[in-house]
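Q: Following the hints, complete the assembly by docking chains B and C onto the known chain A.
Protein chains in written order, with my numbering: chain A, 1 to 278; chain B, 1 to 301; chain C, 1 to 245.
All clues stand as given, with none of them false.
Listed next, the stretches of chain B that the computed footprint assigns to chain C, with coverage defined by at least 3 CB atoms under 8 Å from CB atoms of chain C:
(1) 8 to 18
(2) 25 to 35
(3) 39 to 49
(4) 201 to 213
(5) 216 to 229
(6) 235 to 249
Simulated from the structure, these hints should not be mistaken for lab results.
Given the structure is predicted, the values throughout are model-derived calculations rather than measurements.
We put the beta carbon where it would ideally sit given N, CA and C, even for glycine.
Here is how the chains run, residue by residue.
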Amino acid sequence: MKLRKVTAASAVVLALALSATACGSNDKKDEGSSGGGGKIKVGIKFDQPGLGQKTPQGYTGFDIDVAKYVAKKLGYDEGQIEWKESKSGDRETMLQRGDVDFIAATYSINPEREKKVDFAGPYLLAHQDVLIRADDDSIKSPADLNSKKLCSVTGSTSAQNVRDKLAPKADLQNYPTYSACLGGLQNKQIDALTTDDSILAGYASQEQFKGKFKLGGFKMTNENYGIGVKKGSDLKDKINKALEEMVADGSWKKAVEANFGPANYKYEPAPKIGDIKS
Amino acid sequence: MSSVLYDAQGPRAKRRNVLYTVVFLLAVVAIGWWMFRTLSDKGQLDWEKWKPFFSGSEAWTTYILPGLWNTLIAAVLSVVIALPLGAVFGIARLSDHAWIRVPAGVIVEFFRAIPVLILMIFGVALFSQYTSVNSDDRPLYAVVTGLVLYNASVLAEIVRAGILALPKGQAEAAQAIGLRKTQTMTSILLPQAVTAMLPAIVSQLVVIVKDTALGGALLTFPDLLAAVGPMSSYYGANTIASFTIVALIFVLLNFALTSFASWLERRLRRSKRSTGAVLAAEDEEINPAAVGGGFGSGASA
Amino acid sequence: MPAGCAALPERRARGPPHAEAREIVFDFLQGYDLLGAFWVTVQLTLLSAAGSLVWGTVLAAMRVGPVPLMRGFANAYVNIVRNIPLTVVILFTSLGLFQTLSINLGGQRFETINFRLAVLGLVAYTAAFVCEAIRSGINTVPVGQAEAARALGLNFTQALTLVVLPQAFRSVVGPLTNVLIALTKNTTVAAAIGVAEAALLMKEMIENEAQLLLISAIFAFGFVCLTLPTGLILGWVGKKAAVKR
Chain A
1 MKLRKVTAAS AVVLALALSA TACGSNDKKD EGSSGGGGKI KVGIKFDQPG
51 LGQKTPQGYT GFDIDVAKYV AKKLGYDEGQ IEWKESKSGD RETMLQRGDV
101 DFIAATYSIN PEREKKVDFA GPYLLAHQDV LIRADDDSIK SPADLNSKKL
151 CSVTGSTSAQ NVRDKLAPKA DLQNYPTYSA CLGGLQNKQI DALTTDDSIL
201 AGYASQEQFK GKFKLGGFKM TNENYGIGVK KGSDLKDKIN KALEEMVADG
251 SWKKAVEANF GPANYKYEPA PKIGDIKS
Chain B
1 MSSVLYDAQG PRAKRRNVLY TVVFLLAVVA IGWWMFRTLS DKGQLDWEKW
51 KPFFSGSEAW TTYILPGLWN TLIAAVLSVV IALPLGAVFG IARLSDHAWI
101 RVPAGVIVEF FRAIPVLILM IFGVALFSQY TSVNSDDRPL YAVVTGLVLY
151 NASVLAEIVR AGILALPKGQ AEAAQAIGLR KTQTMTSILL PQAVTAMLPA
201 IVSQLVVIVK DTALGGALLT FPDLLAAVGP MSSYYGANTI ASFTIVALIF
251 VLLNFALTSF ASWLERRLRR SKRSTGAVLA AEDEEINPAA VGGGFGSGAS
301 A
Chain C
1 MPAGCAALPE RRARGPPHAE AREIVFDFLQ GYDLLGAFWV TVQLTLLSAA
51 GSLVWGTVLA AMRVGPVPLM RGFANAYVNI VRNIPLTVVI LFTSLGLFQT
101 LSINLGGQRF ETINFRLAVL GLVAYTAAFV CEAIRSGINT VPVGQAEAAR
151 ALGLNFTQAL TLVVLPQAFR SVVGPLTNVL IALTKNTTVA AAIGVAEAAL
201 LMKEMIENEA QLLLISAIFA FGFVCLTLPT GLILGWVGKK AAVKR
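Here chain A stands alone, though its shape is the one from the complex:
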């Protein structure tokens, strides 16, 4: 009787151990494939409609289209791209450690980041802006934000900008994702969601929010989206060339219209490579 129970117990432990080793071998396989050999690893965002969004049909957005074009020029077709999520706070580390080959994830070029990684591009000029309720007339300039409740994402430059320059007195809440701010914005618990206008436009145009939100149109900063590569990588020049071709052959225009058209986002014309607006 007792023996049976002990055997049962050890059976449970054994089963758990077996499933663990199964996972273990799984992990190893992953590592093997990421070691190289016909794949290119690209860091993107998973939760930004219009730029980089994980959908049941795959990944969509402008960043994705740019990354696909660049990868193609580098000699990789779509099947050879391995998409990885690169959250705002993780991007420099991922490049430095070689977890990804390049990153196209609303990655603004700034001097602090340039110390750690290299940037190709820029490939899009965006501006920090606010998303506010359509019927809210009290926010007419960035200074009006000082008395307002603002929402942004942990580790993003937008949050820092607000605190340092734009509206130091504003009440700022950080969430892990932008979509977490939208409910509060709609219910007047939050007055404004701040980040790049390119991202905000994507949210504003979603079916459920049509007519409920508007962009402030303040152009508070210039965000030069670049493609991040490891410091000193020879990919930089190749990607720059690819981006130039993308603009020249009209693919850039097509991608911009396909992704931002529905959102009614007034995008800036294609920036020149190396022309970083400060």
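A: Here is chains B and C on its own, set in the frame of chain A:
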């Protein structure tokens, strides 16, 4: 016991109880109604927001199931690694040699005193600065590291309490027939203790499953809770709906584990030939045997 | 990381390792509000402990009381809350209660609102465990006590509050201590909604500074300082308070 606290109810007590019931019911219904009204006013109950979960399997296969899979992997890996570690430390704390007993005790008490989240944050930085683990696996490694460090020390206490809860006669009889200390432990005490500990171990699994959510919310571990992010941004900010579904899955999963633990406990208690020592399947937070051993509340099972 | 590596040898040149570590700790104390963060942790703990003790006792009373509906409610509450991750509860207070149901608990700025929401979430979660502990304490009170109370003509509320609960509390100091220690550690989850407590500061410091081990040691030490004395003192109190039978 509870029925001992009040008399069989007479007509007046019955009337009073009916009154209490009605008032309580009204209060609950009022709160529920208010929540329902507010949620539906804010459009949170719109079918649009809930549709993805009930029509078609897209939301499940793209976001929820991969997340759930990661949650389960992290939980199972943690238990499998923590169990032997915990057993070693639990037995070490019962050693006759102070040089084994004391360090083991210090280590166990140390890791039990520190929040899992702190251990996980440490793990993330550790793996990214000092190892070559790639970014896909790093959060998993960090979460598992945190969970193992913490739960191994909790399991060590469970093992210790399980062995201490055995009748003294078991060890004495073993000594009387000339078994050595190691033999007593491996062939007499441990087999009985393991049986007695099973319910407590299973409910520790609940604690582990719950703690994996920390990795999802704060450490970019793509678990079940983290699935809410991309999912709600794709389905038009249905944060409340996504969140509710995820919470429900957690409750069901853990409820199944809890029920299994108490079933196991009942079954082990019932069997006549058992020594009667079964560690209760209560949560770590209140089970003195599991947590309080070091603080003098005794290892009562 | 390269910046950090470059900084290290320079620091090393200045003196023996322990002096160097002391210097860095001093820098940290100036640059970061370490004590402030741990003070928030302590506040979260104490307020949530008080709240969950009250709410947990009420739940326990409902569970052993004569009204079936309340028994059912308390039962369901405990079983659901025990099986939800605390992280989910805390996030729900912010996303659900605050953002959707517009409950701001009288706070004007996010700092206050988030803090109060975190306390609310911790109370709601911890009360389930307090309830279980107290119920197990009630079960340790001999049946004769309750019977004697009834024989004296006390009703349910009187029997519970005058006779049974005072004895039950004395026997559950140990389990309640464990709940309190778990609560102290659980306050770190408030970082999920941006409450500026210890874990959030640790995350920020690790991102900005290079001394991973030292920073981790500081925070580990802080929590050991909070939890170990609690355990030792209340363990002693528990032994003193326990009803000798």
